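Kindly generate the complete structure, drawing on both the sequences and the hints.
2 protein chains.
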Amino acid sequence: MLSNFKVVLVETSHPGNIGAVARAMKNMGMDQLRLVSPKLFPHADATARASGADDVLREAGVYSSLQDAIADCQVVLGASARDRTISWPSVTAREAAGRWRGCIENIALVFGRENSGLKNHELDLCHYLLRIPCDPEYSSLNLAAAVQVVCYELFVASGQEYPNTIGDQWEEPLATAEQMEGFYLHLQQTMADIGFLHPERSKSIMRRLRRLFNRTQLDIKELDILRGILRFSQNHNLK
Amino acid sequence: MLSNFKVVLVETSHPGNIGAVARAMKNMGMDQLRLVSPKLFPHADATARASGADDVLREAGVYSSLQDAIADCQVVLGASARDRTISWPSVTAREAAGRWRGCIENIALVFGRENSGLKNHELDLCHYLLRIPCDPEYSSLNLAAAVQVVCYELFVASGQEYPNTIGDQWEEPLATAEQMEGFYLHLQQTMADIGFLHPERSKSIMRRLRRLFNRTQLDIKELDILRGILRFSQNHNLK
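Sequences listed follow chains A and B, in order. Residue numbering for the first sequence follows this note's numbering, beginning at 1 and increasing consecutively. Residue numbering for the second sequence follows this note's numbering, beginning at 1 and increasing consecutively.
What the hints contain is simulated information worked out from the structure, not anything from laboratory work. Computed from a predicted structure; not experimentally measured. For each residue, glycine too, the CB sits at the ideal point set by N, CA and C. Incorrect hints may appear among the rest.
Short, incomplete list of chain B residues facing chain A, as computed with Cβ under 7 Å [what the hints assert, rightly or not]:
hint, residue
1, Ala24
2, Leu141
3, Ala145
4, Gln148
5, Val156
Okay, here's the thing in structure tokens:
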């Protein structure tokens with residue numbers, strides 16, 4: 001789905017970083033990796049750090065120039081933390097993810113050397129500077145960390161994110177309002193039975209207990225457990 | 001500004017990952033690191049990977065239990081990629097960044113072991129599961145990569161991001177509409193002078209050229225350069 005996005009690494013020094021980039025990409029459903037004159041590749045460190053994303057490494061294209069690596073790309077974004085003498089149009093990772101979401105053009109995401117980034121003549125090949133917001137006092141991200149953030153933004157923008165909040169993938173159905181009212185009645189009755197509830201302040205206490213249990217969004221299993229506790233508490237009091 | 005967010009690493013195996021976490025945090029303006037029973041710490045690999053964020057390592061607290069590490073925290077978020085038998089309320093990194101932005105409570109961001117994450121009894125100490133959207137087919141992020149994404153979201157939500165798009169930090173002022181009209185007149189005259197402009201299709205060509213140069217948002221320096229080219233082109237034709 002994100003196969004039109006090509007991650008292009010220019011003259012990477014440490015093969016471990018190439019492996020970490022492959023892993024970061026695959027985590028976000030991306031697999032198009034292009035390497036421009038890597039210092040050491042293939043290399044055991046790359047495979048080790050790829051940690052299961054070795055298919056991305058295996059399929060990676062190796063090029064002798066950035067021009068060749070981006071030849072089929074319509075949009076070229078160059079990651080850069082440095083300020084340049086000549087300003088260059090820039091987009092943040094999030095803006096880029098939004099702007100080119102669902103596009104069919106090939107988009108190159110170009111990342112420079114670990115220590116010195118992209119040279120000016122390489123930036124000249126880019127349409128936009130790709131910027132990752134960060135502390136300006138300490139703005140050099142690790143190569144794989146930068147790729148991770150950019151690929152994460154692309155993945156989120158692609159809408160493949162699966163829902164997983166309470167209620168969506170909860171293993172038990174949530175209690176209905178009617179079930180909750182039954183519980184609150186039972187709770188109130190139990191508090192009276194065990195002698196906890198002073199009638200004059202029962203209203204305020206019940207409001208607080210309602211707020212508490214409404215906030216937690218009980219599921220029906222939890223409701224069963226609580227009502228079981230209430231029943232035993234009532235019976236215990238009878239003995 | 002983000003000092004109430006505490007990154008807590010539980011039983012990290014590789015000291016290099018601890019260093020990479022420190023760097024990822026500092027890139028995003030964070031410095032509160034807590035380590036629960038790290039296998040090897042301090043360690044040369046941690047310092048090497050921290051790459052200038054060794055102050056974060058130096059100040060890191062080391063604890064013998066997760067309980068101790070989170071004792072002063074009001075909200076505890078546990079990063080987890082695994083699905084659990086008992087569902088746990090979860091928030092994505094972006095939701096968490098929005099929800100606890102600007103809060104004054106201490107918030108623990110707990111990250112588990114490289115291979116096995118957090119154990120269930122550790123998750124029991126968490127209020128929410130902290131989830132990073134990713135490909136469910138390959139969902140295990142490198143420890144530092146996971147910390148990077150979460151800290152990045154917190155940084156972006158904190159509003160410290162500095163603007164850097166064209167027009168904001170551009171080194172020259174952009175051309176005004178009046179300056180652009182002068183340029184278009186000059187361009188049209190030059191095209192006539194050099195015999196390029198056929199009067200019958202000049203309107204359509206001028207519209208396309210307007211679209212092109214309006215889209216690029218010329219600054220006044222660029223405008224000067226283009227008008228210089230036009231002048232030389234006109235003079236050349238006169239010779």
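Original post:
Which of the stated hints cannot be reconciled with the structure, identified by number in ascending sequence?
Top reply: Failing hints: none at all.
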